[in-house]
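Colleague: Listed here are the chains, written in short residue letters.
2 protein chains.
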Amino acid sequence: MRTGDIKTPALIADSKILEANISTMASRRPGKSLRPHIKAFKSTELAKKLVQAGHETFCCATIRELEGMVDAGMGTDLLLANETLDTTRLKNLLLKENCRITVAVDSKETIAVAAAAGIQEVLIDINVGLPRCGCSPEDAGFLADQARKSGLEIRGVMGYEGHLMHDPDTLRRTTKTEESMEILISAHETVGGDIISGGGTGTWDCNQAVTELQAGSYVLMDGDYSKLDLPFKEGLLLLTTVISRSKSGYAVLDGGLKSLSVDSGNPKLFDQGDVMFCSDEHTTVTNGSWSVGQRVGLRPSHIDPTIAKHELIYLVDEIEEGLDSEVIGILNIDLRGW
Amino acid sequence: MRTGDIKTPALIADSKILEANISTMASRRPGKSLRPHIKAFKSTELAKKLVQAGHETFCCATIRELEGMVDAGMGTDLLLANETLDTTRLKNLLLKENCRITVAVDSKETIAVAAAAGIQEVLIDINVGLPRCGCSPEDAGFLADQARKSGLEIRGVMGYEGHLMHDPDTLRRTTKTEESMEILISAHETVGGDIISGGGTGTWDCNQAVTELQAGSYVLMDGDYSKLDLPFKEGLLLLTTVISRSKSGYAVLDGGLKSLSVDSGNPKLFDQGDVMFCSDEHTTVTNGSWSVGQRVGLRPSHIDPTIAKHELIYLVDEIEEGLDSEVIGILNIDLRGW
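Here the protein sequences come in this chain order: A and B. Mapping the first sequence onto this note's numbering, position 288 (from 1) lands on 288, and the numbers just tick up by one. Mapping the second sequence onto this note's numbering, position 196 (from 1) lands on 196, and the numbers just tick up by one.
Honestly, the hints are just simulated from the structure, not real lab data. You can trust all of the hints, since none of them are fake.
If the Cβ cut is set under 8 Å, some of the chain A residues that face chain B in the computed set are:
{"id": "1", "residue": "LYS7"}
{"id": "2", "residue": "ASP106"}
{"id": "3", "residue": "TYR250"}
{"id": "4", "residue": "VAL262"}
{"id": "5", "residue": "SER279"}
{"id": "6", "residue": "GLY337"}
Just so you know, these numbers come straight off a predicted model, no measurement behind them. Think of the CB as a built atom: it goes at the ideal place given N, C-alpha and C, for glycine as much as any other residue.
Please take these sequences and the hints and turn them into a complete structure.
Modeller: This is the structure we're talking about:
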């Protein structure tokens with residue numbers, strides 16, 4: 001099968017870039033010093049490539065991701081890097097074999113849920129500047145005491161500097177990340193445990209504070225992260241077909257808002273031309289030498305919600321000009337949903 | 001089962017609003033004068049409610065939608081209101097029983113594909129101002145001749161005035177729609193056939209030119225269409241749970257970019273408060289009297305790509321304050337994918 005045989009729209013990934021990105025990260029952050037974030041790609045088959053690269057601990061954002069990772073035999077040290085109030089599903093998860101689940105907690109309610117579900121280990125989630133989950137740093141000690149009183153073991157702290165992740169100024173990103181991580185280190189001194197978990201693709205090298213980095217997008221990258229000076233390359237394309245061409249020169253592709261996410265901006269074209277706009281089923285691209293039936297690749301601006309729209313990614317050895325490559329495998333996106 | 005038992009994030013729909021929207025449209029556009037657009041909701045179960053309301057012809061945007069509608073017994077007059085170059089799947093579709101498929105064509109290539117697939121009937125798709133699919137009006141006659149020479153019957157024309165669909169100025173929307181439809185009527189005079197197909201939820205009453213209206217979003221509406229003076233009401237919510245609450249007062253919900261689309265703006269809260277921002281798994285909402293575990297409803301800004309992210313919609317009799325309602329049914333979103 002070749003990319004020309006794929007019905008469009010469909011995601012294709014460049015295997016060479018994927019392997020290079022994984023290898024680059026693993027050389028700087030080997031084994032457990034990286035806790036790859038499954039949320040970015042939602043695929044146990046892709047996670048297995050990370051196991052082959054030496055990683056054995058993972059982050060998940062949803063209980064569905066935890067369940068799938070355990071079922072796929074990669075549940076020996078999973079972190080739910082998110083808060084949950086779903087006692088029932090956590091409890092059911094723990095009935096599975098070979099699973100060690102640590103959950104993030106940031107309130108007495110989430111601590112109570114973890115304890116009631118039979119969870120044994122938690123990280124105290126600290127707000128390090130992003131207005132999202134995480135307790136106030138000054139409450140870390142109190143919550144750790146609460147958790148211990150509830151019979152939970154504290155493995156350490158977690159704090160995600162998501163507000164700094166896309167700052168294109170490397171020096172500022174580094175300085176601000178250091179300041180942000182001082183909050184996390186200070187909370188860790190209060191709380192104890194072996195783990196300081198945080199960071200992501202954007203702070204992969206400027207975050208030296210964490211004992212484990214929570215990166216996921218680096219594996220295939222996207223337009224938003226590519227604005228930074230990172231060594232990872234974009235390896236994901238939405239493959240589309242030109243279904244209409246105007247006399248004035250613009251063309252219409254058969255993929256749009258339902259097959260890629262535009263929350264971080266419109267996609268970019270793999271080859272020549274620019275995107276005019278995306279609508280539900282279409283992307284209109286500016287004047288060029290388009291022909292009806294031609295295959296066109298779009299680089300998504302944001303990988304996570306784009307992949308979550310698809311059932312699978314076609315893997316090719318290398319994405320080349322003309323977009324005619326041998327399909328060498330399929331990555332099922334088996335961890336979608338909640 | 002009550003909404004409180006639903007794991008979040010999940011879509012819920014207000015059955016009373018759904019029925020009222022369907023009824024309001026059917027009273028103005030009964031039977032075949034409406035060709036409801038399946039793309040908005042991608043559910044054969046919801047389509048069956050439209051059959052009960054008297055409609056029997058439907059629009060689809062994808063071959064997947066055509067296949068599912070035929071399999072569900074609603075294939076007696078389906079229009080692929082979109083261009084396709086997939087001869088194989090069109091051909092396979094025609095092997096199914098009780099199916100009549102009309103496709104939109106706007107080029108010699110799409111005409112050739114329709115003919116090669118064994119399609120018998122087409123509409124000539126005319127560009128009426130939106131830079132997307134549709135031939136130049138002056139080419140309509142030539143393409144109709146081409147289609148007839150290829151053995152295809154011309155049922156008429158189609159033209160979608162999508163660029164006018166969300167104009168909040170009713171008078172301007174009406175005037176511009178009339179101008180746009182003059183192009184379509186003129187093309188129809190050249191082309192012939194019984195059908196003039198076009199329009200949508202936003203031009204449901206100002207488009208008097210079409211013999212059949214292609215509306216779909218009206219069934220459950222969204223924030224974007226609700227800016228217009230339409231008689232249809234918003235009946236769809238993303239049900240979420242507060243998983244974190246800051247001391248300063250903001251709260252974090254467990255639904256974000258992967259469970260609703262923000263291409264037309266952030267969602268609105270069903271009750272009090274405002275959205276600060278959406279991220280992959282979360283929505284942060286402004287200060288209020290939030291409690292961890294509380295259920296919160298978000299009104300999506302754009303229905304089509306939001307529903308396409310979900311496997312099902314929970315149907316409740318009526319969405320009320322407090323978001324605690326009896327679940328009276330489930331609508332499977334069975335026409336997702338391509």
